[in-house]
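Protein chains in written order, with the UniProt record's numbering: chain A, 1 to 768; chain S, 1 to 136; chain U, 1 to 508; chain B, 1 to 117.
Worth flagging that the hints you see were computed from the coordinates, not collected in a lab.
Take every hint as true, because none was put in to throw you off.
In silico lysine-lysine, DSS-like type, Cα no more than 25 Å apart, as pairs:
(1) U:Lys357 - A:Lys547
(2) U:Lys434 - A:Lys102
(3) A:Lys763 - U:Lys107
(4) A:Lys759 - U:Lys25
(5) S:Lys59 - U:Lys25
(6) S:Lys59 - A:Lys759
Counterexamples of contact, computed for chain S against chain B with all Cβ distances above 12 Å:
(7) Ala9
(8) Leu17
(9) Leu26
(10) Met86
(11) Leu89
(12) Leu95
(13) Tyr97
(14) Ile115
Ideal placement from N, C-alpha and C gives every residue a C-beta, glycine not left out.
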Amino acid sequence: MLIAILLGFLFSLLLVFTGKFFKGKPGIISAAIPLVLFGYFLQFIPEISAGGTIVHSYSWVPSFGVNLDFTLDGLSLLFSLMITGIGFLVFVYTAAYLKNHKYLDRFYGYLSMFMAAMLGLVLSDNLITLFVFWELTSISSFFLIGFNNSNPESRKSAITALAITGLGGLSLLAGALVLGSVGGSYSIDELMNSSGEIAASPYYILIAILIFGAAFTKSAQFPFHFWLPGAMKAPTPVSTYLHSATMVKAGIYLLMRMTPVLGNQEFWNSTLIIVGSITMVYAAIHTLFRTDLKGILAYSTISALGILVFLIGQGTEAALLAAAVFIVVHALYKATLFLVTGIIDHQTLSRDVTILRGLRKVMLPVAIAGFLAAISSAGIPPTIGFLGKELTYESTLALVGTPLLWIALILITKILLLHAGFVAGISPFIGQLPERFEKTKKPGILLWGPPIILSVAGIVFGVFPGIIEGSLIKPVVAAMGQDAGDQHLQLWHGFNTVLWLSVATIVIGTVLYFTIKPSQKLVKMVTRVEYISPESIISGFWSLFNKFSSLWTRIFQNGYLRNYVSTILVFLIGLTGYVLYNTANFSMDFSTLSEITVYEIVVVTILLIAVFFVVFTRSRLAAVASMGVMGLAICLIFVFYSAPDLAMTQFSIDTLTVILFVLVLYRLPRYLKLSDYKTRIRDGVLALSFGSIITILILEVLAQPVNMEISEYYAQNAYLLAHGKNVVNVILVDFRGSDTFMEISVLAIAAIGVFGLLKLRLKKTDQR
Amino acid sequence: MRTIILKTASAYLLPVLLLFSVFILLRGHYLPGGGFVGGLMASIAFVLHAFANGLSNTKTLIRFHPGFLMPVGLALAFLSGMAPLMFDLPFMTGLWYPEAIPVIGSLGSALFFDIGVYLVVIGVTLTIIFTIADTI
Amino acid sequence: MTQQLVLYPLLLQLFLSIILMFSWKRISWQRVISILGGILNLGVSIWLFAYIWENGTQTIQAGNWEAPFGITFVADTLAVTLVLLTSISGVAVSAFSASSIIPARLKFGYFPIFHFLLLGLIGAFLTGDIFNLYVWFEIIIISSFVLITLGGEKAQLEGAVKYFTLNILASMIFLTAIAVLYGLTGSLNMADLSIKVAAIENRGLVEITAILFLVAFGIKAAVFPLYFWLPASYHTPPSAVSAIFGGLLTKVGVYALIRVFTLIFVGDVFMQDTILVMAILTLISGGLGALIQTNLRKVFSYLIICHIGYMIIGLGMYTEVAIAGTIFYLIHDIVVKTNLFMVGGLIYRIKGTNNIKSLGGLYAEYPRLSLLIAIPLFSLVGIPPLSGFWPKLSLLNAGFNDQNWWAMGAILFASLITLVIIAKVWSNVVWKDKVELPKRINFRYFENLNKTRKIQLVAPIVFLSLISLYIGFGAEHVQQLSTRVAGELMDNQQYIDAVFKTGQNLKP
Amino acid sequence: MEIVLAIMIGILYAAGIYMILRRSLVKLILGIIILGNGANLLIFLLGRITKGSPPIIPGDLKVFEAAYADPIPQALILTAIVISFGLQSFAIILIKRAYKVVKTDDLDEMNAIDQDS
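Using the sequences plus the hints, can you model the full thing?
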């Protein structure tokens, strides 16, 4: 199974190096990969429908408890078949759709990478592995949405989609981690067994929210839905594959997968029902206000996803069964409609429903596919769409609480979706063919074949639901821990409420289709209230956030060195001051201190006067001279306190520094009195507090006992072992010789630097 | 500043000061001094000479670029530090010639290290000062 | 013999620097010496790493003076890992420099200084003596000053002044801290300090010393609110220099923080909380900064800051899992950040600018190169299973175990914002159509370079990308390494034992 | 005396910081030098000071018999002094160059690069 998943990745890697070959005609060969995989997964049907699961496990990063554990059960089988089956058709379709595109190879690369990631996602039993593949689908989606990379809109949509799904991804990561910690394992299989403990843990709500965050962003639930219409900037095969049939269902998949672990809880169910219903109605209404075919389909997809969330939220056996069927329904008709739209777009270069008419005359097979898909979407018998709708009504009717409200909402949604399906699948083909489309070329079989196959499948499954009932649908429900044994999929249920609801849907929807025609006027209506849409609110928030970022960065990184220094000092003083304040215990043992002599006082006074001069003089030369005096005074201090080597070094270095200064300084301008009084006071206070902290620190340290162990060792062994009597020098060249070595290296580097600074002048004519 | 007296004086002063700096270097192990101070003294001697006789004269006197002393000094220090590795002793282990030598005292790798320091210090100081004097 | 191995990478770099100084004007020799030396050094580092992995922490006493009297060099797993990473980045940047640094700079000691910088880094990782660490830090900063100013262009000098001042300030604080520590304990050996500091009764004083170290290293590591020098300077020198700076220089600060706060100042809750708060603010502040930049290298500079937060946050949480996350992130970050700045350099070489608004068209002109660039970019984001992802797992886990919601939030926030930033960079640099720019005269565009030069520019990026892919896909190995390092760090007795048990053989 | 020295060192630190906070490049360097001297004296003082007994083993003795000043801080300071000399000379040249290229001594005018470019 690992190979099955890796196949797509390997192929996309191969394309990096052999891309040229796959450009143009031979591109269709790549469709062999999903076909082979489809066959591979088909062979598991008997075993799965018999109630088995197939588990393959490979060790990857055991230290994190992250392994490539793949489980094939009913749920993952359904998704795998959808991914590879629709994948195959999309690959074939692409070969014609992007026939002459110069980046066809890249497109296949991303597409097969996406397919592999998606397969990995639905097959992973390990939460972290699932997350890994989850992110890979987001990234492939990013590349695919931005595939038309010259188009700024396309790039922007790609970033938006990545940001939103990335947000969800992090939510999933956090959720997985918390769930793993609480449940003691990342294995979903094991987590199912501890679902009771998880529900009882204080983190249950947190986990649920995090998982919702992931699912809602990926499956475009309100208010995160807006990235999906944007994602329609991608080429149509992408919209078909990722943004209606597979990737957006990853969120649905996650919710279904988590149902046995987290489901059956008040919070879980009601949140899903509420969010799902808001999404389905909101998006369904939006379909009325679009004229772009892909826009209509995008919103109807969101609405369908809302229905699925709504159904999963109900959580009953009937609802889950309905969800499973509806996934198949939606995948079949929506993929068809997208492919049809793509063909229309490809051949007529238009997607505007207000002008597309009568296309059946130029592309009859496409019109058939569109029609079949539209009636499946409308839930007109004998399509599988009818089955899906019936089941949906049935389970909603059984809801406890306020079923009337939910029934009303789902009814409205279904009616509007019927309208949308008709607009997208039927209206472009009926009526009078406008003149401008008369010369439209007939699409090739590679284009119209895939939608026909999908739409016909919708009818076949509707007429003979037995084909999928036992093999695909029921194992899905079983995988979610419910048994749907006594339910049967059939077209005729007798005269009951459900049937009347169906009839109402079809009648009202059809009436609606003939009364409300998509028009620019409707589009304008909705743009007027666009400013309160989640998209505008979030993008407003985002630009506010950007402004805040600039502000924050400008406050700290303001370009003034002294502000940087001040910030660092304030931080240092604040922390040390706080600790000193909390722990101050002054104890000074004055007896150990040395006496004060006149010489010392004189030297210290000289030093302080010199420092005073350096700080306050207006003349640079005086400052440098005072600097020299200061150095000499320090030199004397070293002499007083038994450090002849230091005194010598200090003296020579002091001399050299003064020479350097004099050499350099007389070219520099006069000091300017640059800062105002207030600044100087502020800086003075800062400097003095720092100085005081240092003084206090010194006094505190001096009060501590002395440990002379190491210096005694040096003193004892300087002559005996290191053959020298000047201990300081022995330390420098022997005990701590490495320090000295590095110190002369520092000098050498500095000299090279000085040399370079002064001699190297990059000229305009220099090669850059 | 460049008086005849200073000129003549510096002509004599230079070798004397250099000799003194070597003395400071060598006695470092026993009395205050060592490679640093020695090197600084030597450089000050050259700087003095440059003040008196002009930079170009000092440069011709030295013949090669003083910067060359830096890698030489570093190499010397490096070799004296590496020598113990031949005896499977750690880097910078002091190796000592068993007999004491007059004036210097015990002869060991530490001395060569100190000479390396001395050379680097001269090289560095002179490079810096000469370069500045050059470009002004 | 094997004990000597500890110092080989260090001695080799020293040797290279000296040899390179001797071949001052012969820049073609220098190129060859630097690259060959880098490869040799990589070999030696791998050898050392393998040896330590097999045999555990090794120490060597320079000058053969037993600890704590001489200067001890300690090769524990953390140190050799970082030495290995330094060698990896070092050899990549050597090759990159050979092609991208203009001859004028090479004639003024670029390569010797570059190897001195590597020497300083390796020394800092290996030393077991706090004052010696100071000296290595000085080597690092003086080399970096020289590299950052070499060429003396206006922007370089302006950046250098800030870089210089704040780094010197850090050094002064570091020196002050060492003085206080010596005044308290009379020792400089870090293992010895660990024992002696634990015995000090006046904890307030210890805490203040710890704060001094925190600030000194925090400046080097570019932690909030001490990072200002970094955005002001990292984009000014040639890309090869930024690459080594971005990859390794701030990490030395992080290393020093890790070392000091796991070995010497252990178990101080106030300090840990302080570090934690700083880390959270670093993550946020760096992310916010990166979001609004329009210069590619400045974006990367702010991302350095942002990601330093990941490493520091683990140190603040101070559990084995958290430290393992820190170490893993450190390993990942060194490779990726070095690579990132080289990528910046490559893009600059292709386009002649680093301003995002003027870039574009890379996808059309250099499709494979774009894919190559994608590796470091998306590794940086931590798109799983690329390298940046795994350490976050540890850090988030540690955060949850501590119930530290702020830390978790900051980690997730920084991840998201990095994702958005990189997506923006990708969109603008790679996807966007080519922006017609006036041709710069005297500029060596990538397309005009000869084949060797092109390979020298691209090969290092390929090399580091492969390594970061390995870190991502072979996360198990890296995680084992990180866990082992974390274990060693949490149990500092191991370090202390290693330092004091050796060196029994006194001088002959 | 230690108290006097402690206060003096505090003043040196304060003066150094105050100078660094000025807008002039030259003052900046002077400030760094003062700060460096302060740090050196700090090491010296915290290593505990002793009068009149340098750490040099007297003529014919092999080990110390009388009190001696702690040699370690002295060695450290020596290293530190030399290192600061290297840094200082580099810094002095840096301001010279910076002045020549940027044409100002005023640090506030050197903030072009922190803005966007």
